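A.B. asks: The lines below spell out each chain.
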Amino acid sequence: MTDDFERALADCIELVRAGRRSIDDCVRLYPHFGERLRLELLTVVGVQKAFEGVTPPAEFTERARERFLVATGQRLHEAMYVEPSPTFFASARVRFLMAAQKMGLAQRSRGRATPFIAAHFRALAGSMAAVAVFLGAGTYTVASADNSLPGDWQYPVKLQTERVRLALTFSDDARHDVKLDIAEERAEEIEKLAERGRAITPGVIDRLVDQTAPLVEAAENGELDAEEAARLREIAQKQKQVLAQISGAVEPEAQEKLTEAVELSRQAVEVSARITANDPQRPPQVVTASVELTPTPSPSPTATQTAPATPDATAPAGTPADPATPLPATPVEGVVVGEEPVATRDSIKLIPLSSGRVRITIPAPEHGWSIVREPGSSTPELVRITNDPAILGSHGSSLLVISTLTGDMYWYVNFNGRLDEVQMRVTRNGKVFVADEDVVRATYGDLAKVPLIVLDSIEVIQDPTPTPSPTVTPTADP
Amino acid sequence: MEFPSLQTVSPELERATVDRARVGDQQALADIYDWYMPRVYRYAVARLGNTVEAEDLTEEVFLRMLGAISDFRWRDVPFSAWLFRIAHNAVATHFRRAAQRGGPTTAIPEDMVDGRHDIEAAIEQQITIEEVRRAAQLLPDAQREVIALRFAVGLSIADTARVLGKREGNVKALQHKAVAKLQKMLVPEKDGVRPRVQ
Numbered sequence: 001m002t003d004d005f006e007r008a009l010a011d012c013i014e015l016v017r018a019g020r021r022s023i024d025d026c027v028r029l030y031p032h033f034g035e036r037l038r039l040e041l042l043t044v045v046g047v048q049k050a051f052e053g054v055t056p057p058a059e060f061t062e063r064a065r066e067r068f069l070v071a072t073g074q075r076l077h078e079a080m081y082v083e084p085s086p087t088f089f090a091s092a093r094v095r096f097l098m099a100a101q102k103m104g105l106a107q108r109s110r111g112r113a114t115p116f117i118a119a120h121f122r123a124l125a126g127s128m129a130a131v132a133v134f135l136g137a138g139t140y141t142v143a144s145a146d147n148s149l150p151g152d153w154q155y156p157v158k159l160q161t162e163r164v165r166l167a168l169t170f171s172d173d174a175r176h177d178v179k180l181d182i183a184e185e186r187a188e189e190i191e192k193l194a195e196r197g198r199a200i201t202p203g204v205i206d207r208l209v210d211q212t213a214p215l216v217e218a219a220e221n222g223e224l225d226a227e228e229a230a231r232l233r234e235i236a237q238k239q240k241q242v243l244a245q246i247s248g249a250v251e252p253e254a255q256e257k258l259t260e261a262v263e264l265s266r267q268a269v270e271v272s273a274r275i276t277a278n279d280p281q282r283p284p285q286v287v288t289a290s291v292e293l294t295p296t297p298s299p300s301p302t303a304t305q306t307a308p309a310t311p312d313a314t315a316p317a318g319t320p321a322d323p324a325t326p327l328p329a330t331p332v333e334g335v336v337v338g339e340e341p342v343a344t345r346d347s348i349k350l351i352p353l354s355s356g357r358v359r360i361t362i363p364a365p366e367h368g369w370s371i372v373r374e375p376g377s378s379t380p381e382l383v384r385i386t387n388d389p390a391i392l393g394s395h396g397s398s399l400l401v402i403s404t405l406t407g408d409m410y411w412y413v414n415f416n417g418r419l420d421e422v423q424m425r426v427t428r429n430g431k432v433f434v435a436d437e438d439v440v441r442a443t444y445g446d447l448a449k450v451p452l453i454v455l456d457s458i459e460v461i462q463d464p465t466p467t468p469s470p471t472v473t474p475t476a477d478p
Numbered sequence: 001m002e003f004p005s006l007q008t009v010s011p012e013l014e015r016a017t018v019d020r021a022r023v024g025d026q027q028a029l030a031d032i033y034d035w036y037m038p039r040v041y042r043y044a045v046a047r048l049g050n051t052v053e054a055e056d057l058t059e060e061v062f063l064r065m066l067g068a069i070s071d072f073r074w075r076d077v078p079f080s081a082w083l084f085r086i087a088h089n090a091v092a093t094h095f096r097r098a099a100q101r102g103g104p105t106t107a108i109p110e111d112m113v114d115g116r117h118d119i120e121a122a123i124e125q126q127i128t129i130e131e132v133r134r135a136a137q138l139l140p141d142a143q144r145e146v147i148a149l150r151f152a153v154g155l156s157i158a159d160t161a162r163v164l165g166k167r168e169g170n171v172k173a174l175q176h177k178a179v180a181k182l183q184k185m186l187v188p189e190k191d192g193v194r195p196r197v198q
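Top to bottom, those sequences are chains H and L.
End of the first sequence = 478 in the working numbering, gap-free, step of one.
End of the second sequence = 198 in the working numbering, gap-free, step of one.
Isolated chain H (complex conformation):
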């Protein structure tokens, strides 16, 4: 009955609104609802008429229209290559009429690429005073606002300038670039606020979300090309880092918004990494270790992150092992591998491996992974593990290269016909950085499973104990 009445009311509102029935006609159409229907329709008419009487004050209408025309005039003005002049902003109406006459030129101008947009920005930068007038204040400059942070008095100017910058940008590609710039700016603002110990309010995080969400949507709709997606990935990674850094410093009421922002950044990383991974034109990719690893208290006082004085000396040269090197039939010197699985993750049995200062777990031989012998070395500084006898011979072939001094780990993978380098773990200036797990997973899918397990298991011993004699053959038949 309620549903019937809802439908009758909705139908009658449309009929009366369209002038096809009077209220009394409608009541006759639905006699069983009678007086109730009539009263509610009268209410609707009364409410709508009351709202119709709400009109913007004339002074506001005039003022607001002028400001709007100034904003649109700025956009068209730039499109016509006319040098900015103070009078432009003081007489938007005049310019509006001029612009209408020159419309053909403006129409031809649209859609031109970067140099055209760059001209817009140069002109915009040269018209700081004009923009200040547009914003209703003439004493401060856009330049100083550029460095402002949320909470600063110039900050609204910065936001307004960004809007104008977007309004001046016509082609889709250029608009994506501007939006990416702004999203990056929001992340940097949060980072600076945190550095200066200033409040990070929900509104601050809100703006980050507002700026990032449309980019994620554009990426999901296939509107970003691989280059733009790569930039989005970088920005989203930065956002993730910044948000992780401030998680303990935001105002309590911002926590919920922070959670939303973190999830959005994760989505941005995932969708953009997917785009770049599937781009048929992409060059070989280098995924950089970007997340600083925070040392966690370890039950063993010897299992800590190590910062050697010259970490780069132990990094692999960037080329994988010689594919011609045969798999070892004998134990690899300096490497001790346990026989019995010590854990199982994702249905993969893991066995322990120790060498030099490093302790890790690797897949048991039955999963097809084996250790590559380090040719010509009696004290290996690198352990190499592969899942392919030919080493990187076909799609999905992987080679893990791990420093036994620092625990640094590089993953080389044959992916979509190209050899990618993924810096899974790198020591730089005494700090340990790891690859963004979301990027690795989104880019390489299941191929990333084993490398991430190995990465997660790395322990570096501060004072290495003497390496025992090898007692176990570490390799397996592939």
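The set of hints was computed from the structure by calculation and includes no laboratory data.
No false leads were mixed into what you were given.
Restraint ranges, calculated between C-beta atoms of paired labels, are given here: (1) H:32 to L:11: 32 to 38 Å; (2) L:95 to H:146: 28 to 34 Å; (3) L:89 to H:31: 41 to 47 Å; (4) L:16 to H:284: 48 to 54 Å; (5) H:31 to L:52: 43 to 49 Å; (6) L:99 to H:14: 32 to 38 Å; (7) L:71 to H:259: 24 to 30 Å; (8) L:75 to H:346: 37 to 43 Å; (9) L:184 to H:151: 45 to 51 Å; (10) L:73 to H:146: 28 to 34 Å; (11) L:52 to H:284: 56 to 62 Å; (12) L:97 to H:181: 22 to 28 Å; (13) H:366 to L:141: 56 to 62 Å; (14) L:13 to H:14: 20 to 26 Å.
Quantities reported herein were computed from a predicted structural model and do not represent experimental measurements.
Virtual Cβ for every residue (Gly too), placed ideally from N, Cα, C.
With chain H's structure known, arrange chain L on it following the hints.
C.D. replies: Chain L in isolation, oriented as in the chain H frame:
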């Protein structure tokens, strides 16, 4: 009693104008502004109940529109639904920030309606915007939103559903509940005595 007319421009003209505005035609942008500004303002008053904030929000909506119009695509939603989606989001942001500041929005001033005497003369039931506003304040937010979009802006059920991201049936249900409550507060029963909303 008839409904006031809300459609001021033909769909064909609106489409052509919006298409020109998307590529930066200032005349088209100005036309859109002139057509829609009163409705956006009305919506802002209906949602915020405060003319000062409604003015700010109206300007905010059109600046957002200016920044986004080149991204507008006809295949997604009608232009009015797209524009009022911007307005809806701006209102949501406004309320969120007001909540962060910890203060309620200021009260509606006495002079909020220009030419109020004209309206009073025109309305058979003599319902004033002040009474509507007070009554609407007693509705849940979702119902208030539907009332604003349906009767302050004049959107169809379908477009209201698009703006709010709800199903049409849901909008009809909210509309019915809201109208039933407003009727009890605003329109006289058979004894002819109209209740007064304080």
